[in-house]
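Visitor: Top to bottom, those sequences are chains A and B.
Okay, so the first sequence: first residue is 13 according to our numbering, each after it adds one.
Okay, so the second sequence: first residue is 13 according to our numbering, each after it adds one.
Simulated from the structure, these hints should not be mistaken for lab results.
Misleading hints may appear alongside valid ones.
Since the list gives no way to pick out one identical chain from another, each pair is judged satisfied if it fits inside one copy or across any two copies.
Okay, derived cross-link-like pairs now, BS3-like style, lysine-lysine, Cα gap no bigger than 27 angstroms in a straight line [stated by the list, open to error]:
hint, residue 1, residue 2
1, 158, 127
2, 124, 93
3, 127, 155
4, 93, 127
5, 129, 155
6, 129, 113
7, 158, 113
8, 129, 93
9, 113, 155
10, 155, 124
11, 105, 155
Number of protein chains: 2
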Amino acid sequence: MNDPFRETDDEARDLAQTLLLSARYGALAVSDQGVPFVSRIALVTERGMMPMTLISDLAHHTTCLRTTPHASLLIGDVPDKGDPLVHPRMTLKIRAEFVEKDEVLLDRYLFKQPKAKLYARFADFNLVRLTPEGAILNGGFGKAYKLSREDLLAPSL
Amino acid sequence: MNDPFRETDDEARDLAQTLLLSARYGALAVSDQGVPFVSRIALVTERGMMPMTLISDLAHHTTCLRTTPHASLLIGDVPDKGDPLVHPRMTLKIRAEFVEKDEVLLDRYLFKQPKAKLYARFADFNLVRLTPEGAILNGGFGKAYKLSREDLLAPSL
């Protein structure tokens, strides 16, 4: 079988970082005792920081992440029209970490996800850091790249 | 902890079936030796049939599904504007089955995914049936339902 991946270059790194910084939601796949379970989460990534999400204790993904922090995250919007497979998207290998919900982090999250103000301070909502350990970037048909953690968190991010 | 699920009613079943019939793509989470891996796939569901996808041997999800057919599929579009968490989406528990790429099935697939004509008949593209075994439907904040296989494949579908 041919290797489907192109050599990772600055264009791929730029696209990956643009996807990360612009993503407001993603599909998070967690391990439910070894079986995958995927659901939609809201998220925020700021320059120089890891992606963060705010998830409820009532959600199944939260229960699964507490047991198994290794997860997979798909980002990249699909515009209302056109072929969904030509639009760039990225699969991130993730390690999730529940962090203290301090006001500084929460404010940064809510600045980009203002609708979450309604519930962000409820005790059963958790701020979770999603640290990327690597990624597969798909820039459209036949344009796939493998990215390291360093590619994703390059100085420009 | 409170049970976050409402009682499944006809409105929930109708929404689930509408999501299935209108989905043109989804986030497929497969098991990569027990670790989740999520990526975007194109798909088609017709009334009275299971969802189908067309995936390449070059794609990592294909390799994983050949080993472990149990997967999870997230469907439900996110419009360009607004809060991504208020729009309906559904997580399906899936069993994947590689089926013969006969012309009848392929024509039905390509009718709704005409862009796939470019590669559908390549030998390394596989038609895969994604049989739903159950689902969690999220109709917006606080509107969650559990659905059985029978709920998903009710007579109207």
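Visitor: Are the hints correct? Go through all of them and say.
Guide: Each hint, compared with the structure:
1. 158 / 127: between (34 angstroms within a copy, 26 angstroms between copies)
2. 124 / 93: both (25 angstroms within a copy, 14 angstroms between copies)
3. 127 / 155: Between copies only: 17 angstroms across chains, 35 angstroms inside a chain, cut-off 27 angstroms.
4. 93 / 127: Both: 26 angstroms inside a copy, 13 angstroms across copies.
5. 129 / 155: between (38 angstroms within a copy, 19 angstroms between copies)
6. 129 / 113: within (13 angstroms within a copy, 49 angstroms between copies)
7. 158 / 113: For residue 158 and residue 113, neither the intra-copy (33 angstroms) nor the inter-copy (30 angstroms) Cα distance is at most 27 angstroms.
8. 129 / 93: So residue 129 and residue 93 pass the 27 angstroms test across copies only (18 angstroms; inside, 31 angstroms).
9. 113 / 155: Between copies only: 26 angstroms across, 39 angstroms inside.
10. 155 / 124: between (30 angstroms within a copy, 24 angstroms between copies)
11. 105 / 155: For residue 105 and residue 155, the Cα distance is within 27 angstroms only inside one copy (19 angstroms; across copies 29 angstroms).
Taken one by one, the earlier hints fail for this structure only at number 7.
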